[in-house]
Amino acid sequence: MRLGVYYYPDHWPEKRWSRDFDLMEEANIEIVKTAEFAWTKMEPEKGEFNFSWLERAIDELSDRGIRVVLGTPTAAPPAWIINNDESILPVDEKGNRTSFGARRHYCPNHPGYKEHTRRIVDAMGAKFGDDNNILGWVIDNELHGSCYCEYCKSEFHEWLKEKYETLDRLNESWGTEFWSQTYTDWSQIPTPKATTIRGAHNPGLHLDYYRFISDSWVKYQQLQIDVLEPLIDNQWITHNSMFRNYNGIDYSKLNNNLDLVSWDNYPLLTGQREDSSVAEAHDMARGLGGTGYWVMEQQSGPAGWQSMAKTPQEGQIRLWAYQSIARGADTIIFFRWRTCRTGTEQFWHGVLDHHGEPGRRYQEVKQLGQELDDIGDEIAPEGVPSSVVVIKDYQTLWAFDIQPNSSSMNYNEEISKYHKSLYDQNIPIDEITPRENFENYRFILAPNLYLVSDTLSARLVDFVREGGTLLLSFRSGVKERKSNKVVNTKLPGKLKKLVGATVEDYTTLAKSPWKSDESDELSEKPPMVEFVCQGLSGTVGKASIWVEALNPKQAKPIANYKNGMFDNQPAITINNFGKGQVMYVGTSLTERLHKVLARWMIDQFSLRDTLNTPNGVEAIWRGEHEVLFLLNHNPKAKKVDLTDNFCDLLSGDQRAKIQIPPFGVKVLKRDNN
Amino acid sequence: MRLGVYYYPDHWPEKRWSRDFDLMEEANIEIVKTAEFAWTKMEPEKGEFNFSWLERAIDELSDRGIRVVLGTPTAAPPAWIINNDESILPVDEKGNRTSFGARRHYCPNHPGYKEHTRRIVDAMGAKFGDDNNILGWVIDNELHGSCYCEYCKSEFHEWLKEKYETLDRLNESWGTEFWSQTYTDWSQIPTPKATTIRGAHNPGLHLDYYRFISDSWVKYQQLQIDVLEPLIDNQWITHNSMFRNYNGIDYSKLNNNLDLVSWDNYPLLTGQREDSSVAEAHDMARGLGGTGYWVMEQQSGPAGWQSMAKTPQEGQIRLWAYQSIARGADTIIFFRWRTCRTGTEQFWHGVLDHHGEPGRRYQEVKQLGQELDDIGDEIAPEGVPSSVVVIKDYQTLWAFDIQPNSSSMNYNEEISKYHKSLYDQNIPIDEITPRENFENYRFILAPNLYLVSDTLSARLVDFVREGGTLLLSFRSGVKERKSNKVVNTKLPGKLKKLVGATVEDYTTLAKSPWKSDESDELSEKPPMVEFVCQGLSGTVGKASIWVEALNPKQAKPIANYKNGMFDNQPAITINNFGKGQVMYVGTSLTERLHKVLARWMIDQFSLRDTLNTPNGVEAIWRGEHEVLFLLNHNPKAKKVDLTDNFCDLLSGDQRAKIQIPPFGVKVLKRDNN
Amino acid sequence: MRLGVYYYPDHWPEKRWSRDFDLMEEANIEIVKTAEFAWTKMEPEKGEFNFSWLERAIDELSDRGIRVVLGTPTAAPPAWIINNDESILPVDEKGNRTSFGARRHYCPNHPGYKEHTRRIVDAMGAKFGDDNNILGWVIDNELHGSCYCEYCKSEFHEWLKEKYETLDRLNESWGTEFWSQTYTDWSQIPTPKATTIRGAHNPGLHLDYYRFISDSWVKYQQLQIDVLEPLIDNQWITHNSMFRNYNGIDYSKLNNNLDLVSWDNYPLLTGQREDSSVAEAHDMARGLGGTGYWVMEQQSGPAGWQSMAKTPQEGQIRLWAYQSIARGADTIIFFRWRTCRTGTEQFWHGVLDHHGEPGRRYQEVKQLGQELDDIGDEIAPEGVPSSVVVIKDYQTLWAFDIQPNSSSMNYNEEISKYHKSLYDQNIPIDEITPRENFENYRFILAPNLYLVSDTLSARLVDFVREGGTLLLSFRSGVKERKSNKVVNTKLPGKLKKLVGATVEDYTTLAKSPWKSDESDELSEKPPMVEFVCQGLSGTVGKASIWVEALNPKQAKPIANYKNGMFDNQPAITINNFGKGQVMYVGTSLTERLHKVLARWMIDQFSLRDTLNTPNGVEAIWRGEHEVLFLLNHNPKAKKVDLTDNFCDLLSGDQRAKIQIPPFGVKVLKRDNN
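Residue numbers (the working numbering), protein chains in the order written: chain A, 4 to 676; chain B, 4 to 676; chain C, 4 to 676.
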């Protein structure tokens, strides 16, 4: 277990460096990440390189045993590059070119920019590739973004040629006979720029463009890997993914050729409940690369650009660091060391405030550093024992982004609701995409599995036949995966046999337009879901977003609709298939119904892995039931009853009843005495 | 009475056709609409035509006695046309050109596109103009849209020259001395593109541009009529209007040179109460062309592009078809036959689902087909006996779109509120524009008649003088119709004599900005309307949007304001004029006040035409009190007491008390036994 | 005291003029403002001038003793100018050029437009500069607006060269090492056009652009002054500022070289409570130029473009005029005389309606004219005796516009809340910017003084040391004033010594994202403020927007936080410094807490200057306690107890208890009998 910080020596006077490095050493900081926004400093004009300042900083750091991770600086091309060729700047959906002045102001398909990229990466690799003080490399920074420029258009045509080979196949796949869009020359194919009616592009073309943009980033990253790899020695390459925030890149593909998975963790930056949604991102990092991944950026203060989000409360920085460890990280880099006095991220606070003197956040990091110095070796065994996995499919995410089906549909939220309902019961759960292997899990949750290929359906059939349990939900199997075409059989299409039921009818639950203001004569009662299976009978809660009337053949209903258009028809079914079972949930459930369903599934499929805890107290094993983390996300102290004998690694206490302070942490080992 | 469907043979394998046509025949489908989005299929490259696939489909259909309506395909110019000349694509208010990839991607004033249009329409007309299997033609599809390109600008200049002849007259009419906008050369006149302050264009110029755009579509349609007419034989020409959805075209003008009125009916597609607002659109179709119009597209499943609206409930498809017949349609074409597996309208469901097998919606259409086979001949006599008419003026609609006067003003809603208040009482009512004759009605409702010419005012004077009743409401007579200039007399301007009262003061009812949060000391009581006339005295309800303080000269108050700035001053007046009467409503009423007022007017002017029914049960005569339709728009069964003796045409029952099932229909004839 | 009106002789037939002028004379109107939108009329083509119509109008007016103020017409360049050179039109943030058709359609940095400006101003000055009927000149109309064109870009580069001299200094000041934005050539520096991430520009560059735009307007105004000054004789020059509505220009700088301060007063045009927020604008006019300023445009009817705001209620036009006098104006020009029948401002009502006949608003103006004829000489002595001043800093306003810090932050509202809390207690208060002298006041309120220079901090130190009282609030002293860089000391930075306390921690109060829907287990109690000082102890109210935990060294707490992250830590402190005192408020207060605090400060610092009045009744002295105005902003009559003996100047009454009618006014003098 190691801690690090982001530090930009170019932002501060050299005479200040030693003070900063001393403070780092004191706090047990062992790694510094740097250089990813210093292109002009490293190459003030074309081909003129200046790395001396960086070498001096690396030297001073290594004197204190602090080692360095370098970022390639391509997220922020210098003014001298852009001023020379403005066609590097990306173009938006309306056709307007972006301005210089922020970051990520380049098109990944621009040939000239690729040249600039190769030159700077080559120079850095040549300089630092065999430097023992350098641990590894991060490519660019938080890759993402769309572009609709002419270079993208012609690269898109190449991408399409590779996928479809002939225009006939493309026309057939997209169904371009609709609205007379048949292409008779590759050059006629547009990018999905703004049309007279927003969002009206052919869904086949549109999804292919999402795929193309994702692939463009993967390819652009590969270009840098290809330059770096021959130059480096005992150094790894990674990229800081944004699992929680960005939706435009298939992170499974992006992480495919990397030596290490890493991601950026800002618990307070979205409107979501941070304990569960951060846990979900950890579970994806672990799903993609196993334990031992890095949290490349970990929040260490209030963050934001024009406006700030809340500051972490006392204890939260330490709490989130332990959560990272508990769920599988081995290294945590705090972003950033000292809050920058200028620039767009002037208010993106680091461990130190602008004034540079140690404060409560430094003290918290320092305490953590000391604790990890004590117990770091014991607490991060390999593996987190998950038998359950949730599938998040980026292609499905994009397809729903193009066509939400129901205006209230939010695929990410549906995934999160299933994840959270088990997280809240302390069930460890991985998150993967369909590109990963899922054959070794016992239970797959694949909500809204919209795009299905023959291969994917065959893999799922095998999984269940061999004894696995599979949960699917509404709008599964609607589309052919390759073409984004609707299947020509009853739903859930290729998954019908697995589900043992068909979708006979469906409707969105958009607001009833026939509801008169002054009378309820024309309205109907809202649709509810009522469980009908043993132990849950009579539990009732609201259906929302979408409802499907299921027609069970082999399957049996677990719940039926009550009220509404599909009154009395099955809403949830379960089907025995091979040695396994398949559940199908025909609607979107409330949090309360999710809780009921989760508890039922935990019993039904024996998923319980650890103890029950009060609300907001996370309990998770790292290693094969070796180290148990109890993380209190509440601003109040909480009591937990331990069923076994445990030893508190930090205090040495052995008690069956423990109290965890507000935002506090307990790291426990089973006491075998 | 005939039923039809939209069917695109080019979307499906030819070997599937016969299965589809068999199913159609079984359901008593007699008409297929097709071809309007098949330009590339019919003309894969310039001047190379291929109609063979269409001929084969027409042949197969005619074998089963199904006849065909053809659409011209100009709503969707092929990629090969656009790729050759991108200046065909329309330009938005900000100056950005739209992208290829949806539909309606052309400027109707583009000279090159007019050439393309003539060529394809001429080829289709030459091929099918004397084909007995073709019933008629639909020009383009749902014409509408704005453009601000250079072609539009110079056509606008031509349009202005025709209207004003000299720049002096134009300057005088628009009052360009305001803000120094006097034009000294025609070329200086802009289109109303985005200015520094949104919506700030001269109201005279702005309204003329709305008129010009509407006229551009009328002219573009005429171009196609002119090509087709010499080529066709015993075939009619129509256009599918969007009465309920589009506001940019004067549908009176657009339907002027057509052989037939037709419109597209999607009850669930807007947020409005579908029974009344659909009825209003029917009443406009009938107002423009009498009974016997077509519902060119009738909803047959859940519809939507990126997201779907609700699916029709069991019975609603049949119910809406009967509503169409009851209010005057003779032919109903369901859109569409089978749900398309690809393209933007992938989720715009037809009678069949994507999988192509008959389901509940097919069964409902089939039942309807059988019923119409039984009773179709009896139920559609000519005429719906309306003595009341509501005037919807497109020019007023546009003028309010440019300047709403009050930020809460919605002209369409005001029209609908008056229409609905009588619809809810089962009073049959036509809807027309001022271009139609209104002399044969007994009662005209003309809410918010904002733009008034000398001619229009004279026609209204004649109407009332001869015994007609006229209802006007706030902001009537504010503007000169031609110039959009405010009149220089007291309001209601040219209508003053008719109203017998003047508007002495007015104000919007926007939120009171002087209302303090912590005290009500600075606030005043909200303005109410209180009836003062016999039988209604003391009925009180809220005024909203706008209030006018009326000063009655010859007129008498029916209601006064209570509270507010105009406390105690008249809000509604009635005036005897010639042999008739004029009511003036100085504010916008709540639904409750509308109901009270409607009942009072029904008594006062003896408008009752049929029986009272429970809320949500529509009752309307077709023919001269020949066939009575009872339509239950409720999801619950409803009982109706019939005062006369009736015979139920579908069941043969004769009962005075009938129960109509949820979404059910009764078609009755007076029982003369 | 004089009254005037805006009148556009070019909008009306000449034969109507005499009727209008007679009505003006009758209402005691002594001034007409005109010509500012008549460029085309005065110069129909380049270099051809026509002033005869204007001379005739001036002659007819002078016959009645009405004198004229002329506006230069540059806010509305004619079509013939724009059609010749569209590069005059401003460019928006996205790069789209605006259209001709509204007003303010020019870039103030366009060299060609400067030439046009010089020519028309020179011609007008030459014609009317020595005309005794002309009182003075208004430059342009309500200057404001942004532009991002190429001319602005190169002028911005010149502006930057003047400010920074070298690129090294600019790079250092902006901290361009952040995100690799170091500029190696002036031409590389962008204007802050839209970037990939909205609002992400370097805060140093961004604030400099705001300053540059403000300076561009000041410079453009100076260009006109420089042309006019040599040509005029006994005429003054002013500009009609928009204190209440526009935020883009530093009005202190803009008014610097003008002979007279004037502003445009539309009480009903914003969502704010009009009595207090209008009072605040008056207090700024007076703060910048003392009493004797003009209200150049005073609301005289309902106003608005596409939609109207409310009409003034009976009495309000007169009430607002008296409020203008009471707070320091000497001349009031009603905008406008007669409501225009055409153009964008068709619904911007004047004293007369469109029909041109006298109505209730004319009668009210006439009554006012007669009253001022009677008592005008007595009621406007020089000075309004304010010992309190609030500082509104435009640079801080812009800096918060770029970076609100908290998404709920609104600097103008914070200023207004402090102003209003004292206004509501009838404490007279000036409003100034840091450019004005504040040394003669006793009490300075400087909420959120975000940008502080050494000079400004030294001036404040002197002020307090000499016995002044200073109030500061949260986010004060955060930034270096010149560079928009965060200081490198604890907050409040350069103000620390004055405050005698430091900010130890801070956080926004954005919505708690960890609040679960179904349980309050994870939530915490909302932060409150509880007074701890004598007399207020235990008064509790909500903190909002932002909270700072204060660490008092020399200072003492007046209030502490209760609940929340900073429970029990100081929220408000007071510090003795030199002979004076400094208060620091670490959060944003509710209206209720502001009221409590205001009352406490009034007692503590002996600020009471006049009597207490009921809510909504404004009381203010003009002159050194010579004339007392009581203004009832309520729609109800209000009683006031006078403690002294007063004489009612309008009625001659002498009573100790008076009743003021709804929207009524009392003008009182102390009765020395």
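There could be a bad hint or two in this list.
Identical chains blur together in the list; that is why a pair holds if it fits in one copy or across any two.
Claimed, not checked - Using 16 Å as the maximum straight-line C-alpha spacing, the simulated EDC-like pairs for lysine to aspartate or glutamate come out as follows:
#: 1; residue 1: Lys44; residue 2: Asp188
#: 2; residue 1: Lys196; residue 2: Asp95
#: 3; residue 1: Lys166; residue 2: Asp218
#: 4; residue 1: Lys156; residue 2: Glu507
#: 5; residue 1: Lys493; residue 2: Asp13
#: 6; residue 1: Lys18; residue 2: Glu533
#: 7; residue 1: Lys49; residue 2: Asp218
#: 8; residue 1: Lys256; residue 2: Glu439
#: 9; residue 1: Lys256; residue 2: Glu175
#: 10; residue 1: Lys500; residue 2: Asp465
#: 11; residue 1: Lys528; residue 2: Asp656
#: 12; residue 1: Lys660; residue 2: Asp644
#: 13; residue 1: Lys49; residue 2: Asp606
#: 14; residue 1: Lys222; residue 2: Asp13
#: 15; residue 1: Lys196; residue 2: Glu89
#: 16; residue 1: Lys672; residue 2: Asp377
#: 17; residue 1: Lys639; residue 2: Asp570
Source of the hints: derived by calculation from the structure; they are not laboratory data.
What you are looking at is a predicted structure, and each value in this text was computed from that prediction instead of being measured.
A quick look at each hint next to the structure:
no.: 1; hint: Lys44 - Asp188; verdict: between (46 Å within a copy, 15 Å between copies)
no.: 2; hint: Lys196 - Asp95; verdict: both (8 Å within a copy, 14 Å between copies)
no.: 3; hint: Lys166 - Asp218; verdict: within (12 Å within a copy, 46 Å between copies)
no.: 4; hint: Lys156 - Glu507; verdict: neither (41 Å within a copy, 53 Å between copies)
no.: 5; hint: Lys493 - Asp13; verdict: neither (62 Å within a copy, 23 Å between copies)
no.: 6; hint: Lys18 - Glu533; verdict: neither (69 Å within a copy, 45 Å between copies)
no.: 7; hint: Lys49 - Asp218; verdict: neither (29 Å within a copy, 36 Å between copies)
no.: 8; hint: Lys256 - Glu439; verdict: within (10 Å within a copy, 62 Å between copies)
no.: 9; hint: Lys256 - Glu175; verdict: neither (27 Å within a copy, 41 Å between copies)
no.: 10; hint: Lys500 - Asp465; verdict: within (12 Å within a copy, 74 Å between copies)
no.: 11; hint: Lys528 - Asp656; verdict: neither (57 Å within a copy, 32 Å between copies)
no.: 12; hint: Lys660 - Asp644; verdict: within (5 Å within a copy, 70 Å between copies)
no.: 13; hint: Lys49 - Asp606; verdict: neither (65 Å within a copy, 68 Å between copies)
no.: 14; hint: Lys222 - Asp13; verdict: neither (30 Å within a copy, 38 Å between copies)
no.: 15; hint: Lys196 - Glu89; verdict: between (20 Å within a copy, 14 Å between copies)
no.: 16; hint: Lys672 - Asp377; verdict: within (15 Å within a copy, 82 Å between copies)
no.: 17; hint: Lys639 - Asp570; verdict: between (44 Å within a copy, 14 Å between copies)
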